[in-house]
Amino acid sequence: MAAPMRSVAFACKFCGREYLQNIYVARNRSLYSTKHQSSKWESVIGLEVHAQISSESKLFSGSSTKFAAPINSQVSFFDAAIPGTLPVLNRRCVEAGVKTALALKSKINQVSKFDRKHYFYADLPTGYQITQQREPIGVGGQVDFIVFDPTVSKEPMTKTANLVQIQLEQDSGKSLHDDEDKKSLIDLNRAGIALMEIVTQPDFTTGEEAAGFVKELQKILQIIGTCDGKMSEGSLRVDANISVNKPGEAYGTRTEVKNLNSIRYMVKAIEYEIKRQIKELEAGNKITTETRNFDVNTGKTIAMRDKEKVLDYRFMPEPNLPPLHIYNSQSLPADIPSDRVVLTDQLQNNIPELPSEKRNRLQKKYEDISLVTIATLVNDDSLLKYFEEVIKDGKRNVKRVASLLTHQYLGQLKAVEMHAEDSPLSVEDFKEFYDIVEADVISTETISKVLALMLSRPDSKVKDIIEKENLYQITDPEDIKSLCKLIIKNNPKLVRSSKRGKVAAFNSICSRVMKECQGKTNLDKVEETMVKLLKEEQS
Amino acid sequence: MLKVNCFVLLGRQYLLYNKHVHTKVITVPLVSTWNNLKNSENLPKVPKISKEQVNQLERLGLVELNNEEAIDRLTEAIKTANQLHVVVTEGVKPLDTVLENSAVYLREDEVIEGNCKKEVLMNAVKTEEDYFVAPPGNIPLKSKNKG
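Chains as they are written, first to last, in the numbering used here: chain A, 7 to 545; chain B, 108 to 254.
If you're looking for bench data, these hints aren't it; they were derived computationally from the structure. Every value quoted in this text rests on a predicted model; they were computed, and no experiment measured them. Hints should not be assumed to be uniformly reliable.
[Stated by the list, open to error] Selected chain A positions facing chain B (in silico; Cβ < 7 Å):
(1) 61
(2) 69
(3) 77
(4) 92
(5) 96
(6) 97
(7) 128
(8) 132
(9) 181
(10) 192
(11) 327
[To be verified] List time: in silico SDA-like cross-link candidates among lysine to any residue, alpha-carbon distance up to 25 Å:
(12) 233(B) to 133(A)
(13) 188(A) to 230(B)
(14) 158(B) to 409(A)
(15) 165(A) to 180(A)
(16) 113(A) to 207(B)
[Stated by the list, open to error] Some chain A residues well away from chain B (every beta-carbon gap over 12 Å; in silico):
(17) 137
(18) 188
(19) 335
(20) 341
(21) 354
(22) 388
(23) 523
(24) 533
Built from N, CA and C at the ideal position, the CB exists for glycine as well.
Just need the whole structure built from these sequences, with the hints factored in.
See below:
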């Protein structure tokens with residue numbers, strides 16, 4: 007893929023005049039400017055996402071995986087590493103891993119292997135984790151996502167992240183730390199639950215980019231049903247690897263930030279860590295390779311207690327598990343029994359339209375609608391269906407219907423904590439409402455109010471609500487004039503400032519007019535009238 | 108399970124007939140053959156094991172190498188293992204499990220185990236309200252001001 011070009015302004019060395027030049031910008035690098043105190047730095051972020059597979063039982067044992075079960079009640083002898091137990095691979099977990107790899111466009115390894123990763127920790131009873139380091143289920147892959155970062159650009163951007171690999175591995179148990187009594191309490195319910203580890207290339211440069219990627223990944227996993235993506239419940243965990251370097255130089259030393267259990271904290275942690283590394287390097291210090299935790303109270307990343315040297319995991323092949331065979335019906339060798347193979351055909355067919363595909367399709371279909379609006383519609387399946395029903399008869403302006411639905415309608419639903427699928431307003435009700443708005447029967451400011459009333463009184467007709475609450479728009483120019491005159495009379499000081507040309511004062515008296523009539527009129531008309539009246543007074 | 112249906116002797120080669128595996132020719136000598144290595148063979152020298160390495164080995168393996176004798180024994184072990192360098196492995200794929208030609212069995216996703224909290228906690232030295240109790244782990248340094 008060719009490196010993108012950007013128009014950058016330079017000053018001519020002779021005459022000092024500004025001219026534009028298209029220069030190649032290295033892919034996926036953005037420049038942090040004077041925000042970061044001095045010369046420009048580049049930041050590089052890679053993510054390791056651990057997604058808990060939605061299955062009834064664990065990856066290598068038959069214990070249940072239900073959330074919030076009584077302590078140590080979902081632990082089999084294998085999970086507790088009692089000697090004499092062996093792992094038995096769960097078919098559903100493999101299918102979930104393969105389906106995810108297909109949805110993320112990875113290349114499936116027909117034969118994949120399991121390995122042991124050794125380290126000592128109380129929540130890892132065996133002293134090793136069974137993972138897939140050498141030959142995982144899926145290699146490579148790509149995710150298209152949207153980034154909305156107001157500090158970088160006003161419009162949202164689409165980006166692509168490349169993946170390194172997708173592998174199956176075991177989860178460890180949970181530990182509660184008691185500082186006072188110097189002990190840890192271990193619950194093994196989570197030990198052995200299947201995880202998919204999705205490793206990305208270091209393709210991100212800001213916390214917001216990482217957030218956009220994780221949100222897209224959550225949606226994809228939820229749509230294909232392999233993971234419920236709830237970061238708050240621990241079903242999705244993200245570790246970030248962060249480093250900074252000067253443009254043109256090699257990647258710097260990286261640190262790993264763990265314990266990020268919400269997207270917001272992830273963004274904060276990444277931003278803080280980038281700033282911290284820049285500060286250290288500018289002070290002449292070196293960055294040590296270490297694991298850091300994010301402290302939600304202080305908003306900072308902090309080092310772990312033991313400053314360890316580079317950990318040696320002593321990877322070795324898992325001797326108790328033969329290789330895993332994954333084929334499609336064409337490539338399936340004749341001698342493999344059906345209970346020892348996973349076929350990809352059915353899994354591929356069961357993958358529905360992914361969010362990025364939907365967005366692309368809708369952008370082509372409705373060329374007028376902005377990317378932000380399309381993204382909002384795609385995010386909510388029932389809202390999208392509602393929208394397509396409303397515009398089906400082709401009588402209404404598609405762009406304005408979409409705008410009304412994604413702004414005021416969605417806003418009012420959120421205000422009463424309702425989802426689009428639970429909305430009591432039928433498609434016909436909405437069509438009526440839209441026609442009333444288009445006919446200018448009610449003013450723009452009244453739209454939200456009427457929608458709120460419609461939601462609370464779903465049985466009443468729109469026209470009746472407007473009639474009853476007297477929310478008709480004030481259109482008679484004489485009425486607008488008298489409103490303006492009233493405000494002029496009551497606010498002599500502001501009127502004087504407006505006449506002198508102070509914009510803030512003028513806006514203030516116009517907004518007081520709107521307030522006086524509860525927003526039931528058109529602001530442009532008010533401003534027009536006000537300007538005329540002020541001129542008349544002056545003369 | 109590997110079922111050997113037929114084991115045919117053909118000179119120095121054996122033919123193995125097996126339900127799950129294709130027939131293979133295995134070249135295993137009929138009589139054991141030793142190859143005595145001379146001491147001056149071109150084997151890599153064993154470097155002196157430094158204190159840092161000893162500490163790291165102790166941490167990784169949770170063993171104690173707290174005397175000269177243990178370190179000497181380790182050095183001897185490495186020297187013996189180095190004899191493997193004589194074996195020619197060019198063009199031979201590494202073997203990571205003798206099960207490399209079989210496919211792993213896949214179990215149906217059903218809950219058939221667990222619910223044995225008492226047995227699982229039975230051997231623990233110390234438990235507290237159904238938790239295992241362990242020494243404090245690697246946790247982040249707490250900030251001085253809380254909240």
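Exercise. Quick check: which numbered hints come out false for this structure?
Worked result: Of the numbered hints, 4, 8, 14, 15, 18 and 20 do not hold.
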